[in-house]
Amino acid sequence: MKKFLTTLVAGAFAVVGGISATVADPVKVGFVYLTNPGDHGWTYAHEVARLEVNEHFGDKVETSYVENVPEGPDAARVIRELARQGNKIIFTTSFGYMDPTLKVSKEFPDVKFEHITGYKRSSNMATGNIRFYEGRYVQGVVAGMMTNSNKIGYIASFPIPEVIQGINAFALGMRSVNPDAEISIIWVNSWYDPVKEADAAKVHIAEGADILAQHTDSPAMLQTAEKAGVHGFGQSSDMKAFAPKAQLFSSVNNWGPYYISKIEQMMDGSWSTGEGPDHWAGNTWLGMADDYLVLTDFENMPADVKAAAEAAEAKIKGGYNIFTGPYSDNQGNVILKAGEAYHDGNLWNDMNYYVEGVNGKIPG
Amino acid sequence: MIEQLILTVIMTSIPLIFAASGELIAERSGVLNLGVEGMMLMGAVAAFAVAMGTGSPLLGMFAGAFAGALTAGIFAFFTLGLATNQVATGLALTIFGTGLSGLVGAPLVGQAIDGLAQVHLPLLADIPFLGTLLFQHDILAYLAVIMVALCAWVLSATRVGLILRAVGDNHESAHALGYSVLSVRLLAVIFGGMMAGLGGAYLPLVLTPHWAEGMTAGRGWIALALVVFASWRPWRVLGGALVFGGITIMQLAGQARGWTIPSQFLSMLPYLATIIVLVLISRNREFALANSPACLGRIFHAGK
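These protein sequences, in sequence, are chains L and H.
Mapping of the first sequence onto my numbering: residues 1 to 364, in sequence order.
Mapping of the second sequence onto my numbering: residues 1 to 304, in sequence order.
The following block holds chain H by itself, in its conformation from the complex:
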């Protein structure tokens, strides 16, 4: 029983892990994209449409990533190309993605598909308890962990990561050193969109194998909070997603067992936790500066 509960926690965290680590990369390059919810929805609807049309959830997965990246491309065009305000453009992207996914998805309502199959890793899946929890997932779940590891490695140990962080922390210096700030940010934003698309795709491909308008129901916003909660560190995103997922499932399980904590209180815990983390990291200036990108949300003009 506890096994199943933990498994539910893990599965409910996967979309958050994808979306938040993608947003983390975009933010580390200095771009605040509030359109995560919209990108997730576009990923979800594309994934479902392709999975249904072709009968292959795997192709659906790629479609989800592609649609997310494409939606992020719109954001990049405005914020990087035309230097529009990132906050306003991001909010607009969420509204746009919600509307467009609903429009595109209207004929898909009421259809069901077979979701992604579970891949049991040989030998590992047979380990008692841990095998069930960790090694009997679908391919997207494994990919989520691989992507977190990749993000962490690239950011901390590679030249690409160094450039990305330089652009995010001081775009003028990076520019003076000869790096193309806009190109780096474009790639980071597109990557963020792709990851949000994969996170969105996880919903209709695994969690609830149907398409429903607005089915992300605010998970894009939780992913945004999660990036801050994780203080812009990839492995903390993974941990934070499990904490957020754990809180969600705990409040449901608590009710089923007759606990008397108001469920509204538990529903707000992820946000409360984020605020507490924000307060804590802002107390230690060095710590806050170490991770949060100094140029986050600031527009870069090459000519300046």
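Looking at chain L on its own, in the form it has when it is part of the complex:
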């Protein structure tokens, strides 16, 4: 009897061993989302990329995500939990996860962390970003040519570097074609509050704006524009379905290639944080030239505007640095003289002003 039991147990182990030998465990990949993928903006774009990851790797990779994770210290709890669950690489997809990701990265040296849109790194935490502002320069060109009232209404979320870069790039594009146009900014203090975004759009229109731009995530602004008969630009994903007559174009964030390449690097051992003598060069920060940022079709605009938009897009893809002098801030102080240009570090550290053409002051 005893021998029989031993045989049975040994057999059982053999079977279990056999299973684990034939099926390789998939590599687990975790994502932390700011809102739910249903926002049809920022997080939706990340979700599209996650599905591309699934498609690309098949059963070699197992992805999971946690949605509606508030920015700030509490996010550390979620990130830590993902690391505990055995995720080998974790993408935290919003600026406000920077410090929590950094903290957890030190607790799990064997896990790779990828923080999206931040600037802090550690030995196992890299940063990745898209040059969103490139699309906004093209938006500015289109807005500058399309506006009749010379008033552009801009809806912004939070005054962080990425958003300020976007506002200034928009203004430089706008002023390159129309020196009289001005941008008013409404901060809604949220990435995602459809009703407030719609209210802000209505207020802009009531104040005379005829072109709207947004750095928030819902399609509410474009829907309001559609109803009021003015034009605007979509954010993060194509919002044409919500505003077929109002959308001039959307800048679409294409995170798929980034995620796939970083996961591949993690699997073959070539993953690195990119940290080197120039901290800013270590950031994976690609834009339109590499299809990380994709502009949808230019629509609802006359042919000459479309041509100018295409030219601006081609110019940036050809390597044009948008933040090239001469330009001044909106107080009249010269920021860059002719021939001077910003490098990436300046974009993060020194851009604490609005350029000419933007009304008001940066809050806080």
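None of these hints come from the bench; they were simulated from the model.
Since the structure is predicted, the reported quantities are computational estimates derived from the model, not experimental observations.
Possibly wrong hints are sitting among the right ones.
Claimed, not checked - Below are the EDC-like pairs computed for lysine to aspartate or glutamate, each with C-alpha atoms no more than 20 Å apart in a straight line:
| id | chain 1 | residue 1 | chain 2 | residue 2 |
| --- | --- | --- | --- | --- |
| 1 | L | K227 | H | E3 |
| 2 | L | K227 | H | D114 |
| 3 | L | K88 | L | E55 |
We have chain L already, so just place chain H on it with the hints.
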């Protein structure tokens, strides 16, 4: 320009008017339902789904009311039927409604509909200025004002209102007089849910004609604050909603015009105003007692 701004204030207040007057009726019967946000979201998702499926925003409106009432029914089952704690159950209802609406609404994301049409009231709509502001709205906006008037009239001038207030102020006496405390509260809670559902429905049917998870973004909580702000009086709810809406729009317009008041400060004004009102009414004991239901949040056991 000012016309458009005021119009925006009115429109942004409508969901608050619905949700807060519904909650007011529930609270006057003695039931504190903190699940307004969840009920609004259920109303919003149902309204959008039906409006999209049938092509009729009007049917969507009814669906929103029905879904809100049904969600409130769950709350009633627990708090009235099983005598659970109202605060905890209400919070759970908000979480439940947020989650379920997101789940049900997942396939609806990315779709757009034509919202409710504007109904221009004949002659009245042609009055300069006022006509644009007051008589060129959608049917839900008119309904909001009618419902406030109805609530005010029922509460102050009818036998039904008297019974409702009796149940809310002293459920033991009302019970001793032969009124069914639980039935009255059930109806009040269901009514509150229906109104929250209509308030939620206003978002995807009028304000932003699409469905997005969590699209109420805290308006249910503002509605709760509004009931207190209004010291449990329907017409004050209407006034308070316009004040809250006005503050919201003023802070947006102020920014567009380059005012330098921090927008965070203006964002917290509705809550600040509520606290100030609370302090003021608590200073005058008679005044506070006159309106706030004495049995608010207290569980009623018939056998006691």
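Checked hints:
1. L/K227 <-> H/E3: This hinted pair holds, its Cα atoms lying about 17 Å apart.
2. L/K227 <-> H/D114: Since the Cα atoms of L/K227 and H/D114 sit roughly 10 Å apart, the hinted pair holds (cutoff 20 Å).
3. L/K88 <-> L/E55: Holds, because 18 Å separates the two Cα atoms, which is no more than 20 Å.
The structure is consistent with each of the numbered hints, conforming to all of them.
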